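Enquirer: Each chain, letter by letter, is given below.
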Amino acid sequence: EDQVTQSPEALRLQEGESSSLNCSYTVSGLRGLFWYRQDPGKGPEFLFTLYSAGEEKEKERLKATLTKKESFLHITAPKPEDSATYLCAVQADDYKLSFGAGTTVTVRA
Amino acid sequence: GAVVSQHPSRVICKSGTSVKIECRSLDFQATTMFWYRQFPKQSLMLMATSNEGSKATYEQGVEKDKFLINHASLTLSTLTVTSAHPEDSSFYICSANVRGGPYEQYFGPGTRLTVT
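Quick mapping for you: the protein sequence lines, in order, are chains W and G. 111 is the number of the first residue of the first sequence in this note's numbering; add one for each residue after it. 223 is the number of the first residue of the second sequence in this note's numbering; add one for each residue after it.
These are computed hints drawn from the structure, not numbers from a lab. On a predicted model such as this, the values are computed, not experimentally measured, just so you know. Yeah, the Cβ is synthetic: ideal placement off N, Cα and C, and Gly gets one too. Treat the hints with care, since some could be wrong.
Restraint-style ranges between C-beta atoms, simulated for each label pair [stated by the list, open to error]: (1) H184/W to Q251/G: 33 to 43 Å; (2) K167/W to L248/G: 32 to 42 Å; (3) Q113/W to S276/G: 40 to 50 Å; (4) Q251/G to K169/W: 21 to 31 Å; (5) K178/W to E309/G: 22 to 32 Å; (6) Q113/W to P262/G: 16 to 26 Å; (7) K178/W to R334/G: 37 to 47 Å; (8) G275/G to T186/W: 39 to 49 Å; (9) K173/W to K263/G: 22 to 32 Å; (10) E127/W to E244/G: 24 to 34 Å; (11) K286/G to S138/W: 23 to 33 Å; (12) P262/G to P190/W: 21 to 31 Å; (13) L248/G to E125/W: 11 to 21 Å; (14) K179/W to P262/G: 22 to 32 Å.
Please model the complete structure; the sequences and the hints are all you need to start from.
Expert: This is how it looks when you write it as structure tokens:
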């Protein structure tokens, strides 16, 4: 059974204080690892897909990396508008997504 | 691009009634659509997978007679919660894969269902 574990559960940052979120996974036949951002009461917003170990992707203050066992989402110099829950999901050969529980990030001005 | 809409965004219904939720891909054709539910402070749980013109595949523990899914076209899927009860109150979210595209799932904004 596919398993996705995210840590920490919650993260409180001061504006400008960089940090990283972790997503560790076990999956048979990884097709892709996905990062989403979810705001309260909204659907997840697609951020990145990573397909193979060593791959990195960036978008504004966010950078995602992937190894064979885990992925990191680095937030550089965060702003209050980066406050959200960040979800990690793995996709196996059946194209279904298995989600982690998420990391709720709060950035204080 | 890759915009998914849901309607309604919020619905309140009485126990025993049925509620239909629509999910549309606005600017692309969807190979597959997925339905999730999310409880407060929990992650998304996949309920079912549907392909256009075929029967939906339900995850273990999801009652197919209670959660009816119809995927009538490459841009529309509907979820009907039949004989709703208070325990069906939840946040329902759909997603879609781009037909012929990469494997990312694009999510709708969600529907908040409250059963009284």
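Enquirer: Against this structure, judge whether each hint is valid.
Expert: Hint check:
no.	hint	in the structure
1	H184/W to Q251/G: 33 to 43 Å	35 Å, holds
2	K167/W to L248/G: 32 to 42 Å	25 Å, violated
3	Q113/W to S276/G: 40 to 50 Å	29 Å, violated
4	Q251/G to K169/W: 21 to 31 Å	26 Å, holds
5	K178/W to E309/G: 22 to 32 Å	40 Å, violated
6	Q113/W to P262/G: 16 to 26 Å	22 Å, holds
7	K178/W to R334/G: 37 to 47 Å	38 Å, holds
8	G275/G to T186/W: 39 to 49 Å	46 Å, holds
9	K173/W to K263/G: 22 to 32 Å	27 Å, holds
10	E127/W to E244/G: 24 to 34 Å	42 Å, violated
11	K286/G to S138/W: 23 to 33 Å	26 Å, holds
12	P262/G to P190/W: 21 to 31 Å	23 Å, holds
13	L248/G to E125/W: 11 to 21 Å	35 Å, violated
14	K179/W to P262/G: 22 to 32 Å	30 Å, holds
Hint compliance for this structure: hints 2, 3, 5, 10 and 13 are broken, all remaining hints hold.
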